[in-house]
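Trainee: Residues per chain, in single letters:
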Amino acid sequence: MSIGTLYDKVWDLHRVTDLPGGSTQLFVGLHLIHEVTSPQAFAALEEKNLTVRCQERTIATVDHIVPTISQKRPFSDPLAEEMLATLEKNCKKHKITLHGIGSGNQGVVHVMAPELGLTQPGMTVACGDSHTSTHGAFGAIAFGIGTSQVRDVLASQSIAMNKLKVRRLWFDGQLNKGVYAKDLILHAIRKLGVKGGVGFAYEFSGPAIHALSMEERMTICNMAIEGGARCGYINPDETTFSYLKGKPNAPDEKEWGKAIKWWESLCTDKNAKFDDEVLFDASQITPTVTWGITPGQGLSINESIPFPESLQESDRPIAKEAYSYMQLQPGTPIQGVEIDVCFIGSCTNGRLSDLQAAAQIAKGRKVAKGIKAFVVPGSEQVAKAAKDEGLDNIFVEAGFEWREPGCSMCLAMNPDKLEGRQISASSSNRNFKGRQGSSSGRTLLMSPAMVAAAAINGKVTDVRKIINENQL
Amino acid sequence: MKTNFPNGKISKVTGKCIVLKGDDIDTDRIIPARFLKCVNFNSLGEQVFADDRIELTGNHPFDKNHNQGASILIVNDNFGCGSSREHAPQALMRWGIRGIIGQSFAEIFYGNCLALGIPCAIAPSSKIKTIQASVESNNKMNWILDLQQKTIQSPKESWSISIEKGPLEMLLSGKWDATSQLIAQEKKLTEVMYKLPYIKNFK
Chain A
1 MSIGTLYDKV WDLHRVTDLP GGSTQLFVGL HLIHEVTSPQ AFAALEEKNL
51 TVRCQERTIA TVDHIVPTIS QKRPFSDPLA EEMLATLEKN CKKHKITLHG
101 IGSGNQGVVH VMAPELGLTQ PGMTVACGDS HTSTHGAFGA IAFGIGTSQV
151 RDVLASQSIA MNKLKVRRLW FDGQLNKGVY AKDLILHAIR KLGVKGGVGF
201 AYEFSGPAIH ALSMEERMTI CNMAIEGGAR CGYINPDETT FSYLKGKPNA
251 PDEKEWGKAI KWWESLCTDK NAKFDDEVLF DASQITPTVT WGITPGQGLS
301 INESIPFPES LQESDRPIAK EAYSYMQLQP GTPIQGVEID VCFIGSCTNG
351 RLSDLQAAAQ IAKGRKVAKG IKAFVVPGSE QVAKAAKDEG LDNIFVEAGF
401 EWREPGCSMC LAMNPDKLEG RQISASSSNR NFKGRQGSSS GRTLLMSPAM
451 VAAAAINGKV TDVRKIINEN QL
Chain B
1 MKTNFPNGKI SKVTGKCIVL KGDDIDTDRI IPARFLKCVN FNSLGEQVFA
51 DDRIELTGNH PFDKNHNQGA SILIVNDNFG CGSSREHAPQ ALMRWGIRGI
101 IGQSFAEIFY GNCLALGIPC AIAPSSKIKT IQASVESNNK MNWILDLQQK
151 TIQSPKESWS ISIEKGPLEM LLSGKWDATS QLIAQEKKLT EVMYKLPYIK
201 NFK
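For the protein sequence lines, the chains are A and B, in the order given. Position 418 of the first sequence, counting from 1, maps to 418 under my numbering, and the rest follow consecutively. Position 60 of the second sequence, counting from 1, maps to 60 under my numbering, and the rest follow consecutively.
Hints in this document: simulated from the structure, not taken from any laboratory.
Derived coverage of chain B by chain A (criterion: at least 3 residues anywhere in the stretch with Cβ under 8 Å from a Cβ of chain A; other residues may be distant):
1) 112-126
2) 189-202
Sample of chain A residues lacking proximity to chain B, with all beta carbon distances greater than 10 Å (derived):
3) Gln55
4) Ala211
5) Asp281
6) Ile423
Subject to a maximum C-alpha distance of 16 Å in a straight line, what follows is the list of computed EDC-like cross-link-like pairs (lysine to aspartate or glutamate):
7) Lys37(B) / Glu81(A)
8) Lys48(A) / Asp177(B)
9) Lys21(B) / Glu321(A)
10) Lys372(A) / Asp340(A)
11) Lys177(A) / Asp281(A)
12) Lys163(A) / Glu164(B)
13) Lys203(B) / Glu255(A)
14) Lys195(B) / Asp12(A)
15) Lys9(B) / Asp177(B)
On a predicted model such as this, the values are computed, not experimentally measured, just so you know. We put the CB at the ideal spot given by N, CA and C, even for glycine.
So that you can see chain A by itself, here it is in the shape it has in the complex (with noise of 0.2 Å):
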């Protein structure tokens, strides 16, 4: 059992009572919601005739469904519009705010919250959305919940919940120039497997985790999940204070000593005990890619798909349905497989600095023929400060498009998807199969800047190459 650790702490502070059956109600000090898990939860909470318990702590934006091309109301496609219209209602029923389209701050839920200031260490944060892990690089423990679930916050700003075991992620060393936060945590996942996290929260530690920014500790936190654990974490330091204020929602000046003090005592002591520990060199890591249908099928860039043979037997036959739904044959080098479509964006790798590190990449240079390149901000925040930089004109001048802000082709709920057998360099975090909108269709994960890299040559191509092109 973990003593000691900033999950511990932050448990313990919010644990309202024991239930009968054996798990805890915990206080939620933050509840996002969104138009595609909440509107069956406040038709349930009408039905019991409940109201909500916090307006005030329950925080709306729309993001899932909506149009990256024209956000004309109505939308076109009349079952998104009814969503929206949905949550709109609801909001307006119950009080609550709500970030919508044109109000400067819509965007991802977890690229919105932590811009407005919203998600601050200590506190527990729970969406209807498994992502939600991404609030824990704030040093939050933050979780994904069900529509069950989403009810049952809207209700009591509460949950029943069981405590998870801890397990630390040390990061020795720092990340080589190339490599990026999602290269870490792809070849994390690789290394630990998809449900080697199942009944941990992941505390992500070490010197390759504090050097990052906190744009790149969200890309980290935010595939906890894929790894299997429900959420992931970072302790709280100066890079986390400095980002937090002035934020609209971040404590005030005059209060601002005593926050930093009580954010600092949540932190995981020198002597806690862990349930598990496992290490990592951050500088042997190298861009990285997934070739098959679970993020942990992934592969240094120099690699080639493995063969059956080299696997762990349990992993084989994944493997072999991948081959086939991948059409990516064993000892095919990664390097080099062509791609139909790049995307950019997600609540994993959708911010600035990631339409930054991209826009290196494309400055200057064409997208491939006949490949279909986009980006998409992560909120309207990002889209403003993008453009007040001038990355738009970059992008668009290399032949990507230019899009509105939403989930996109992440989870392809929108008009955004892939046809047929295409196969995409994607910034995002899912690649099962039909994730990206088309049952036959492909991803393959990586950094934002490896997706720009696939753009220019029109496949899978080591950023590195391209980046030392940069400094001649």
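Since chain A is already given, all that's left is putting chain B on it; use the hints.
Mentor: Relative to chain A, chain B alone:
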């Protein structure tokens, strides 16, 4: 499609078993994202495993005649990984599934099932494979998933399964719907809330 959804105390699930083989079957496969465009769950039953079923053109377990009306789903490892969508267990429930047995389940999926009154029981890999083989060798047989006895049994055979203590008690006592328990703790909740300095933004 069945419409009598779980209600009250749940101690047994009876009916035919359906076998779905494979590790890491994710919720995007159980219900592809395009079907999440809905403001209620009503039509999800027909759409369960939509893309896998298209791919297998009638040969998917959920399309086979002998599996129609089945109540107990037998899966392998890490079932329900990926997205938190409750649409996944909703789709299974609306198709007719009332209990699931597997080697392991992804956590959010497991919690979503519990919130709907669908027990998820576990057994080691080798036992799961034996149960799957037994079901497939006689696909008309009726089975009982007995939560009290912790067994899955047919008139001919019986295997022990395990189910976590907390969820088991919740299902047996009928208290698997957490809402009423959570709102009952209003006083304690208010105490905890106002002790947290961020509630008033450290003022």
